[in-house]
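Given these sequences and hints, build the entire structure.
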Amino acid sequence: MADHDLTSSLLPAESSDRVDVILRIEDDDGVPPVQINNQNGNHHDPRLCFSNPYGFLGSDGFSVPEMTTVDPFRNNTPSIDGVYEWVKIVVCIPIALARLVLFGLCLLVGYIATKTALYGWKDKENPMPKWRCRLMGVTRLCGRCILFSFGYHWITRKGKPAPREIAPIVVSNHVSYIEPIFYFYELFPTMVAAESHDSIPFVGTIIRAMQVIYVDRFSPASKKHAISEIKRKASCNRFPRVLLFPEGTTTNGRALISFQLGAFLPGYSIQPVVVRYPHVHFDQSWGLVSLPKLMIRMFMQFHNYMEVEYLPIISPRYNGKESTLEFAKRTSRAMATALNVVQTPHSYGDLTLLTKATEANQETPSDYMIGMSKMEQVSSLEVVDFLDKFLSMNPDSSGRATYDGFIRALRLEACAVAEEIFSFIDIEKMGTITFKQYLFGSLHVMKLQSFQRSCELILTECSNGDKISEQKLAELIRPAISDLNTDKAHELFKLFDTDGDGKISKNDLCGCLRRNPLLIALFSRCLLPSL
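Counted the way the UniProt record's numbering counts, the sequence shown spans residues 1 to 531.
No false leads were slipped in.
Simulated crosslink set (DSSO-like; lysine-lysine; CA at most 27 angstroms straight-line):
id, residue 1, residue 2
1, 293, 88
2, 467, 494
3, 429, 447
4, 223, 122
5, 231, 329
6, 494, 472
7, 447, 467
8, 130, 160
9, 374, 224
10, 472, 503
11, 447, 356
Derived from the structure by calculation, the hints contain no laboratory data.
Right, here's the structure in full:
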């Protein structure tokens with residue numbers, strides 16, 4: 001045994017050419033392998049640790065943010081429960097039939113009056129002439145009779161509408177299809193509505209008489225035009241008030257979701273209005289209940305309660321220089337306080353996610369909502385695309401997808417890099433992933449500073465300039481998937497070749513990786529020397 005002094009090492013120094021060993025342990029239950037890394041101490045370059053397939057981009061992992069447990073869209077009485085409700089329905093059948101007749105008659109008379117008021121009117125860019133407005137009074141009276149037929153025999157009001165000259169814009173929470181009918185009768189305003197409403201039989205004709213400002217929520221050009229029209233009509237006292245539902249969709253009335261900014265961008269004073277529907281046995285909110293079912297249940301109630309409260313006017317601070325966002329937040333807080341409800345970061349995009357999850361028979365579809373208004377650098381349409389991709393993984397009813405479904409949806413085969421990608425997303429190490437893990441993991445990768453640069457570097461690896469052939473794509477990916485076969489390479493090529501022209505352009509590549517950012521790990525071996 002060699003002699004040792006107090007300063008010498010008890011163990012011999014390790015060889016400088018020591019190679020890291022990665023052990024892959026896989027059980028018999030099909031759970032993705034656990035990776036154990038043996039690393040070279042302080043001399044280890046984290047970008048070379050492929051147990052994190054995105055370490056080469058500078059990623060050190062991600063987490064799923066805490067989410068609110070409030071579901072602002074849930075109708076509490078989606079079905080008929082209890083003896084009292086069934087007895088009431090039986091008793092109200094004759095009443096419901098009479099109400100249905102009254103509804104149809106009022107709709108027909110209102111439609112005829114509206115067609116008469118619109119007949120021969122060409123200049124619809126300017127305010128409706130007074131004699132036509134007086135004729136629309138018949139339709140407005142029919143609107144009140146329609147509310148009566150739905151069981152709103154009296155409506156409790158608190159406060160009064162402010163003069164149009166003082167507050168040209170009115171904003172309201174949105175719970176049901178009842179509020180637009182009420183405001184049509186009460187204020188006869190110019191509303192901002194989705195373009196799809198124009199095609200509704202009878203109703204489309206009536207709302208056209210209100211000189212509705214149509215908007216496509218997914219079109220930036222349409223939004224810009226709508227804001228211009230809001231500003232133009234609000235600035236002219238000859239037009240009626242402009243009414244907006246800044247939530248952009250209906251809720252259950254027990255929460256106030258994030259506001260769109262269209263009502264606040266013009267910078268005019270605003271009068272908020274809040275609507276409540278007190279109830280015990282029948283929740284009148286729209287939610288995910290079908291319109292015919294909701295109407296029938298309204299017909300079969302003895303009376304439906306509705307309360308409308310006009311709040312004090314809110315004006316922009318600092319001589320009109322207050323930011324649009326702060327103006328909207330102050331208005332939202334005032335309305336939430338009046339309603340005594342919480343404010344949540346949900347938006348119309350969350351309702352879309354909820355609807356898709358419900359259609360996919362998920363046990364708790366509310367788990368798929370993410371508070372869309374807090375999402376940055378990603379649109380609601382892109383998030384919906386991520387949900388479609390996740391649902392293609394065939395998650396179980398509890399909302400968890402397996403490794404096999406994951407690689408099938410991404411058109412991968414079982415291999416080391418696919419296991420690493422799945423393990424990266426599976427932050428709970430349960431062998432399954434949730435939609436939120438898949439979404440936030442994908443967004444984490446997409447938002448890394450090196451992600452966009454990596455997309456551009458992939459193109460520089462092509463020998464023929466700005467296009468990638470199928471053969472070249474296979475060459476770029478093969479270092480990560482050594483046993484890549486021709487069929488699987490062709491499947492991946494079809495995924496990247498979005499326009500189907502037989503070549504992958506820059507737009508194809510960047511578009512595909514933005515929709516499937518996790519796939520950039522396939523290029524990690526060829527990108528690492530350039531980053």
